[in-house]
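Those protein sequence lines, which keep their order, are chains A and B. The opening residue of the first sequence carries number 1 in our numbering; numbering runs sequentially from there. The opening residue of the second sequence carries number 1001 in our numbering; numbering runs sequentially from there.
No lab work stands behind these hints, which were simulated from the structure alone. Given the structure is predicted, the values throughout are model-derived calculations rather than measurements. C-beta atoms are modelled at their ideal positions from N, C-alpha and C, and glycine is treated no differently. Some hints here could point you the wrong way.
Straight-line C-alpha distance at most 16 Å; calculated EDC-like pairs for lysine to aspartate or glutamate [what the hints assert, rightly or not]:
1) 4/A / 1143/B
2) 4/A / 14/A
3) 1055/B / 1143/B
4) 5/A / 1078/B
5) 5/A / 1132/B
6) 1071/B / 1038/B
7) 1055/B / 132/A
8) 1198/B / 1321/B
9) 1005/B / 132/A
10) 55/A / 1321/B
If we take Cβ atoms under 10 Å as the criterion, some of the chain A residues that face chain B in the derived model are [as the list claims (entries may be wrong)]:
11) 42
12) 54
13) 55
14) 95
15) 99
16) 101
17) 104
18) 109
19) 120
20) 128
21) 149
22) 188
Protein chains: 2
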Amino acid sequence: MAVKKIGGQSLVFESRPCVASWAAVVGPMEGEGPLKSEYDMIMKDSLFDQDSWEKAEQKMMQYSIELALKKADRLPWEMDYLLGGDLLNQIITANFTARVFGAPFLGLYGACSTLAEGMILAGILIDGGYGDSVGAASCSHHDTAERQLRFPTEMGVQRSQTAQWTVTGSGAYLIRSGETGVRMTHATVGKVVDYGVKNASDMGSAMAPAALDTIRAHLEDTGRNAADYDYIITGDLGRRGFDSLKTLMAEEDLPANNLTDCGLHVYGGNQDTHSGASGCGCSAIVMGPRFFKEMRRWPRKKLLFAGTGALLSPLTSFQGESIPGIAHAIAFEWTEGENSK
Amino acid sequence: MAVKKIGGQSLVFESRPCVASWAAVVGPMEGEGPLKSEYDMIMKDSLFDQDSWEKAEQKMMQYSIELALKKADRLPWEMDYLLGGDLLNQIITANFTARVFGAPFLGLYGACSTLAEGMILAGILIDGGYGDSVGAASCSHHDTAERQLRFPTEMGVQRSQTAQWTVTGSGAYLIRSGETGVRMTHATVGKVVDYGVKNASDMGSAMAPAALDTIRAHLEDTGRNAADYDYIITGDLGRRGFDSLKTLMAEEDLPANNLTDCGLHVYGGNQDTHSGASGCGCSAIVMGPRFFKEMRRWPRKKLLFAGTGALLSPLTSFQGESIPGIAHAIAFEWTEGENSK
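Just chain A, same shape as in the assembly (with noise of 0.2 Å):
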């Protein structure tokens, strides 16, 4: 049989599933950032009809898979699961959405690594031979985040300039077995670290030694230098928590002069979001539309994505704990073809 876990962290996808897909619905903010043109949704406002903040991000999300499935040209019916996960207590958001498509399902939360835990179980589901075609997505909504996680979002509060911007957004990846294109050949599963960090107010700071560990982890478990790739991609650590990484790969000899994070890519230096991006919503809402899209136009290009996730709830701030982080990695390779198996 041929070896499918190396390292003491990665697995090998032989069969090299295929990211078939994908497709963004966003708020009206991200709407007006550097990747407006790429989304295939603007909503108007923050309701998209609806009665709620919440209900909104159902909506959202629901779209975002209907729109991937069908680009792909697949009915809902067609995927053999639905992975995905959101910030809200009890992943309301993924739950609800998978009452409307009645495909398996399963939930997870890793924070804002969800899109990145879901992918990689959608990878093994494919490549052990468990499915053909799985859906892989998360999302997050500014408003239901911030009431849920911080405050009252009529209270204005004051945000700190290490703060970040939870993005209202989502996206959805169809991931399939052997065709051209955007393919998966390994993926790190991230443990959780935690350098003691407490600061809610710095989630990025948080995430990053999380990031540092499993992209080294990676690079160690495949034999690969950080050069190897044409991109390293973050979730989102945004500008502060994006610094302390690359001070931290210093320390530690790796380049970091391919890095950059899906936080710095959601909204312009204009609109006023302190650090950047975060959120369930935010590798789902770059990784397709900035990173896959280049890799369409300009073959060959190997990515690694490494999302990150800050694990903390109010409560366990509240009651003195630091803020673990995780990060879960996936090599994205341009590959022409039917696949190895």
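Using the hints provided, position chain B relative to the given structure of chain A.
Relative to the frame of chain A, chain B by itself:
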């Protein structure tokens, strides 16, 4: 290649991953129930020498995993992956427990179906060749769940007769490849099912349709009959939900004489828990101590375990939503000797 997916929702585990060991740590009330002699550790009070119930819950999960590893003569760093979840917002119990172990970690949320979801994914990781040794754990704590999901614990709200008692307990299972013992042969991944029940004090009835849906799909996909199993065991329907499921099964001409529910096995009749036990810890402290243990004593039995989850949140109830349910099923069989791979 061998067929690994059958029918619409089911998987075949050709290599039959084995439940190598399990352990259960429970609260004082569970420690007075009918399974008291089967638990590995009974807390003397609900705080477990910690300064908050939440920290007690983490300690409980940590101890259950450590004990399961010890029983299989394994060290913590010999787990290829740890999969887990719980009822608390942002699954902080599982996240903070994973911080202790430092194993590659995948956080899950399937409400009280989380153990079944974790076991299915553990089976896929092992059967697919991505690892040899996977921990799956889930837990709940009566006092943390009560104050988060219902009312302040000190308020002493009178409970309705249909309400279930959230278990204080954690169960951990170590899944490994090819050994004699309790082995996983099939799994059925559930769909989100909603019959419109809105009473958050009767979650058993809200989950019963999902249990029916998954059990029926399992039997159709595998071509088996309900009578092929010595037991069909639901996760935490409780007395009321269990009666609903029996009624629903009778309507479909499915025999229910081998049907039982983990929620009926935790507390004695004199313990005043109304409709029985529930919570992520419910099936986790019953499946091993009650059912897998019986398989060891009288080998060759076949079990179907359908872990059930109610996918609501207090917020969805406040916003007038009904309660969607989900159930994930796993078929276990006593099997001697090496796997067939």
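Tested hints:
1. 4/A / 1143/B: The hint is violated at about 42 Å.
2. 4/A / 14/A: Roughly 7 Å between the alpha carbons, so the hint for residue 4/A and residue 14/A holds.
3. 1055/B / 1143/B: holds, 12 Å
4. 5/A / 1078/B: holds, 14 Å
5. 5/A / 1132/B: It holds: about 10 Å lies between the C-alpha atoms, which stays within 16 Å.
6. 1071/B / 1038/B: holds, 14 Å
7. 1055/B / 132/A: violated, 41 Å
8. 1198/B / 1321/B: Between residue 1198/B and residue 1321/B the Cα gap is close to 7 Å, so the pair holds against 16 Å.
9. 1005/B / 132/A: holds, 10 Å
10. 55/A / 1321/B: Holds: residue 55/A and residue 1321/B sit about 10 Å apart, inside 16 Å.
11. 42: violated, 25 Å
12. 54: holds, 6 Å
13. 55: Hint holds; residue 55/A Cβ to chain B Cβ min 7 Å, cut 10 Å.
14. 95: For residue 95/A, the interface hint holds, since the closest Cβ of chain B sits about 4 Å away, which is under 10 Å.
15. 99: Hint on residue 99/A: holds, closest Cβ of chain B at ~4 Å, below 10 Å.
16. 101: holds, 8 Å
17. 104: holds, 4 Å
18. 109: Given a least distance of 4 Å, the restraint on residue 109/A holds.
19. 120: holds, 8 Å
20. 128: holds, 3 Å
21. 149: holds, 9 Å
22. 188: It holds, given that the least Cβ distance between residue 188/A and chain B is near 8 Å, below 10 Å.
When each numbered hint is compared with the structure, violations occur for hints 1, 7 and 11.
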